[in-house]
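*Asks:* Please take these sequences and the hints and turn them into a complete structure.
Chains as they are written, first to last, in our numbering: chain A, 1 to 138; chain B, 1001 to 1826.
It is worth saying that the hints were derived from the structure and are not from the lab.
Errors might be hidden in some of the hints.
[Unchecked claim] Computed cross-link-like contacts, DSS-like style, restricted to lysine-lysine with a CA-CA straight-line distance of at most 27 Å:
id: 1; chain 1: A; residue 1: Lys7; chain 2: A; residue 2: Lys50
id: 2; chain 1: B; residue 1: Lys1528; chain 2: A; residue 2: Lys66
id: 3; chain 1: B; residue 1: Lys1553; chain 2: B; residue 2: Lys1691
id: 4; chain 1: B; residue 1: Lys1581; chain 2: A; residue 2: Lys96
id: 5; chain 1: B; residue 1: Lys1567; chain 2: B; residue 2: Lys1691
id: 6; chain 1: A; residue 1: Lys104; chain 2: B; residue 2: Lys1520
id: 7; chain 1: A; residue 1: Lys96; chain 2: B; residue 2: Lys1553
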Amino acid sequence: MPPKTIKISLTVVILGLAFAGLMYSTLSEGTEYYKHVDEVMANPGAWQGKRLQLHGFVVDHSILRKPDSLDYRFQVQSNGKVVPVRYSGVVPDTFKGGAEVVLKGRLDGNGFAVEPNGVMAKCPSKYEAKAPAGAAGS
Amino acid sequence: MASLGSLVLLAAFVVASYAVAASVVGARRRSRRLVESGIGAFYFVAALMAVASGIIVHAFVTGNYAIKYVQRYSDSAQPLAYKLASYWGGLDGSIMFWVFLLSAFGAVAVSMNRERHRELIPWVVAVISVTEMFFLFIMVIHNNPFDTYLTAAPAEGRGLNPILQNFYMAIHPPSLYTGFVAMTIPFAFGIAALATGHVDDAWLRAVRRWTMIGWLFLTFGLTLGMLWAYEELGWGGFWVWDPVENAGLLPWFTATAFLHSVMVQERRGMLRVWNVTLVIVTFFLTIFGTFMTRSGVVQSVHAFGEDRELAMMFTVFMVAILVVSFGLVIYRLPLLRARHELDSWVSREAAFLANNWILLFSAFFVLFATMFPTLSEAIAGQRLTVGAPFFNKWMLPIGLILLVLTGIAPLLAWRKSTLTNLFQQLTWPAAAAIVTAGGVAALGIRVWASGICFALCAFVAVTIVQEFIRGAQVRRGATGTDILTALIGLVARSRRRYGGYIVHAGIVLMFLGFAGQGFKQDQQMLLKLGQQGTVGRFTIRHDALTVTSDEQKQMVTGQVTVSENGKQLGEMTPAKWFYSKHESEPTTEVAIRRAPGEDLYIVLAGYDVQSQSATYAVTINPLINWIWFGFGVLALGTGIALLPERALAFAVARLPAEAATTTLVLLLLLMPAVAHAQHTMDASILITPPKNDVEKGLRDEMGCTCGTCAHEPLTKCTCGVAQRMREELRQQVDQGKSREQILAHFTEVYGGQQYLSQPLDSGVGRLAWLFPYALGASGAFVVGLVALRWSRKDAADARESAAEPQKDEADPALKARLDDELRDLD
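*Replies:* Quick look at the structure:
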């Protein structure tokens, strides 16, 4: 093999390895599992302590707020499974009973603890009106 | 009207397909008539698209709610500007707008190049027409903006989503689309070059400008998107690596890479495969970005709904693009061989190569991370998401490396730089970087990324200044003019090079803004009436919570008094607006107090009308305004690089006398710009109603003292100065003073009566009328004096330089390099 080819392929291999290594290490700490409430609550023990993005619906009339504070307790559900949630901070405008939300945080023995600013209202109608169920296309 | 619209779209599709057929057959048979008729059809598509746009705009303005699209995205209460903006407010309209822009751009590009690049034109027409056909097909089959309600038409529209009813949002999508569409032109020329085998550098010259224009609009669109997010969404930041944002950023990376590597091809004949690949990839990414955001493949807070059919059509088109383009590249590989090899790693082409790799890597990294949730679901069955921290972790070092290259690359010579020369040039920039780093450390700033960024910004800024000064010195030596004229002549002589430096300066300013994010502070506070909270140096007191309404919306406004270190700064009014028909999605009206150093950003995050308590999310955003300002500088630089040859020809004249005139003309042109800079309109300022008649009367009588807004009365002027004056007036009124007492106070503060919009009609006051005239006259006098002096001095200089041979202190090697580059570059 000509020396130039060796040089180039060595460089490529080293850069590639470095990249893969970095990617692996950062990915393992940077990723979160995106799960629905029922998937998680089917086997809560397996998910405790893992970083999660929990997708579900706020249970009607479940939102409690400690007076004069930003501490919230509420429940989210999907497909009949419910999990209690604790959160402290500002909630989005569309946060109310029945709202579809994605919560960032971790599951523990007392339910789901949301990290600061971890409540995101999922709102598909933001830009495009939600298509009625069953309608094809837009 | 609606059926006419559909018909026009269908006609456009048919005409575009004719344009493809006629051009391709004409090119292969070398039939000039067929090619000409193809071009004619191509122009006709543009005309048809203009008609279709006219129809939809007419429908929006007249409120033709029988058309579904019009009904969904507008209503009668909307201001006219937003009715027009509704054109691109939804999916169907934005596709139509896209085709309209593409056909218009294509027509301009073809008419500009049809003589110069005759052999390429039919293929260019064909490629652009195929792209148009694809989007027209989508519209006709799937997303027709002219679809009507079959049953009775609703009497009123649903209204454009309130968060889109914002100035930046009205111009952000068109800007981004313009950028995307402009990238189609280089692609079309690239494919034409490959198809015809004319792969010399002619096609590059035809597309350089288009890429620059597209790049500028792309950057503009991205910046506007950031501004919009910052002002309208109210989370205190401007970029969260949302898939839709990333979609705009991907082609930006590759277009930036192309703008750099194209220079290597022009100068050294290298990287030819690379350049054509970049053009293809850029175009592909514009389509891919659209696909990603429109088909629901990637979940995003602001992606459009999921749409499998649309996804299928896009996939077919994208696969076709890739297969055909890269098939052609491989077919033409023998013709694309480089004319030179890389001589040394210490050379400008090597630096550009590194810059290209990093930019391309950025593009692929962002693409990978954006698609990661989708990929992980497809491969592992688990949906894993990555958030902004992950992007930041990677992009931060990448950004810093790019910043270093921005500084170093211009110092390197083509082919090979000697190390001594390089070290010599690095002295000042490196010193600046070290001093800055030391200063940052001494100030006790411990955010390492921001500290490094500051140091690198200093480094790059000094290299840029150094390049300007050295160039100007050499030019002064060569032409014998004064340094300022030499500088302008220098920029005029090689616009791309120095325009590029100005772009770099803009990037440096933007990086300053990014670095400032390292010191961001935010806090949420729940305040009862009269309570206060503290963030950093600022204290916020909650004064009132009001509920008001107008015909479009209901407004809940929090009134807070802000003080800094105990000194009262004024009132701010963050609000929530509930547009009718969109009550469940209130918009956040952020109150921002802008300053060069930092923004105070207050959001009314929650409230309770009964107890009158409010939750405020307060953010202090250091240096953020430099991002927007940096974009202004960047646009200026791009503008200079884009200027046609003739525009600055007058400045390149060698006669010193003329050059002096040039300087004067430019200075005169700059004066209003400087004056304008002081009077900045601030849309976020709300004029609060006066408290009593004294205040009301005085607001009419007093004028803004910023000196540029024609001395508007305080009832009207919206600049920051007027706002401060109003606040001060309010304080005086609050103290219960009478009109005369307040007037006396202001006369004392301003040392005269210039604060009045009309002078008091008494004695000395009348003299005030003279003031503007006096100012104007003295300005004219000064300009005249300078003109006189310079013309004399230059005449003398000219005699001198004619008499004795030029002396030049600049180091001869540097001079040779500069001369060489000045000669070759344009």
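*Asks:* So, for every hint listed, does it hold in this structure?
*Replies:* Against the structure, the hints come out as follows:
1. Distance hint between Lys7 (chain A) and Lys50 (chain A) is unfulfilled; the C-alpha atoms sit about 43 Å from each other, more than 27 Å.
2. Note on Lys1528 (chain B) and Lys66 (chain A): the hinted pairing holds, with a Cα-Cα distance of about 15 Å set against a maximum of 27 Å.
3. Annotation: proposed proximity of Lys1553 (chain B) to Lys1691 (chain B) holds, straight-line Cα distance about 25 Å (limit 27 Å).
4. The hinted pair formed by Lys1581 (chain B) and Lys96 (chain A) meets the criterion: a straight-line CA distance of about 18 Å does not exceed 27 Å.
5. A hinted pair counts as satisfied when its Cα atoms are at most 27 Å apart, and Lys1567 (chain B) with Lys1691 (chain B) qualifies at roughly 23 Å.
6. Proposed proximity of Lys104 (chain A) and Lys1520 (chain B) is supported: the alpha carbons are some 22 Å apart, at most 27 Å.
7. In summary, the hint linking Lys96 (chain A) to Lys1553 (chain B) is supported, as the alpha carbons are separated by about 21 Å, within the 27 Å threshold.
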